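Participant: Residue 2 in this note's numbering is what sits at position 1 of the sequence shown, and the numbering runs on without skipping anything.
For the record, the hints were derived by calculation from the structure and aren't laboratory data.
Note that the coordinates shown come from a computational prediction; the quantities given were computed from them, not determined experimentally.
C-beta: ideal position from N, C-alpha, C; glycine also.
It is possible that some hints are incorrect.
Unchecked claim - Here are the computed distance ranges between Cβ atoms for each label pair:
| no. | residue 1 | residue 2 | range |
| --- | --- | --- | --- |
| 1 | Arg46 | Gln22 | 24 to 30 Å |
| 2 | Thr93 | Glu72 | 17 to 23 Å |
| 3 | Gly51 | Arg16 | 21 to 27 Å |
| 4 | Asp35 | Ser69 | 22 to 28 Å |
| 5 | Ala98 | Arg5 | 19 to 25 Å |
| 6 | Cys105 | Ser29 | 16 to 22 Å |
| 7 | Pro20 | Val47 | 20 to 26 Å |
| 8 | Arg46 | Trp73 | 36 to 42 Å |
| 9 | Val17 | Ile92 | 17 to 23 Å |
| 10 | Met2 | Asn41 | 39 to 45 Å |
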Amino acid sequence: MFERWVSVYDPKPWRVVDPPQRILVDVSAAIAHDGGRSANDLPLRVRAEGLDLDVRVRGLLRAWGRTSRGEWLAACTFAIPTGNKRGSLEITQWCPASAITAECE
2 MFERWVSVYD PKPWRVVDPP QRILVDVSAA IAHDGGRSAN DLPLRVRAEG
52 LDLDVRVRGL LRAWGRTSRG EWLAACTFAI PTGNKRGSLE ITQWCPASAI
102 TAECE
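The task is simple: from the sequences and hints, build the whole structure.
Facilitator: This is the structure:
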């Protein structure tokens with residue numbers, strides 16, 4: 002994952018999480034979006050079959066990477082459900098640390 006990220010200092014600005022850890026992802030905080038329109042302004046098919054960004058979902062934390070501003074990003078895999086919960090889209094992406102929390106067992 003970090004083969005092309007050259008670092009000369011220790012500790013390294015990344016860390017692989019092996020095995021991956023279970024987390025909860027606040028999808029609205031993990032994915033940048035402009036807020037969209039009011040639900041009343043949208044057709045039912047859009048509300049039902051569009052991705053629901055206003056949820057918290059289970060996921061896996063795979064790695065950490067530090068930004069040049071000192072913030073940490075989390076490499077996470079999770080599924081975003083559709084509004085009607087009949088479908089989902091699985092993604093792996095870098096999320097702000099504030100978008101994830103440890104999942105309590």
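Participant: Of the hints stated earlier, which fail here?
Facilitator: Numbers 1, 3 and 7 - these are the hints that the structure violates, sorted from lowest upward.
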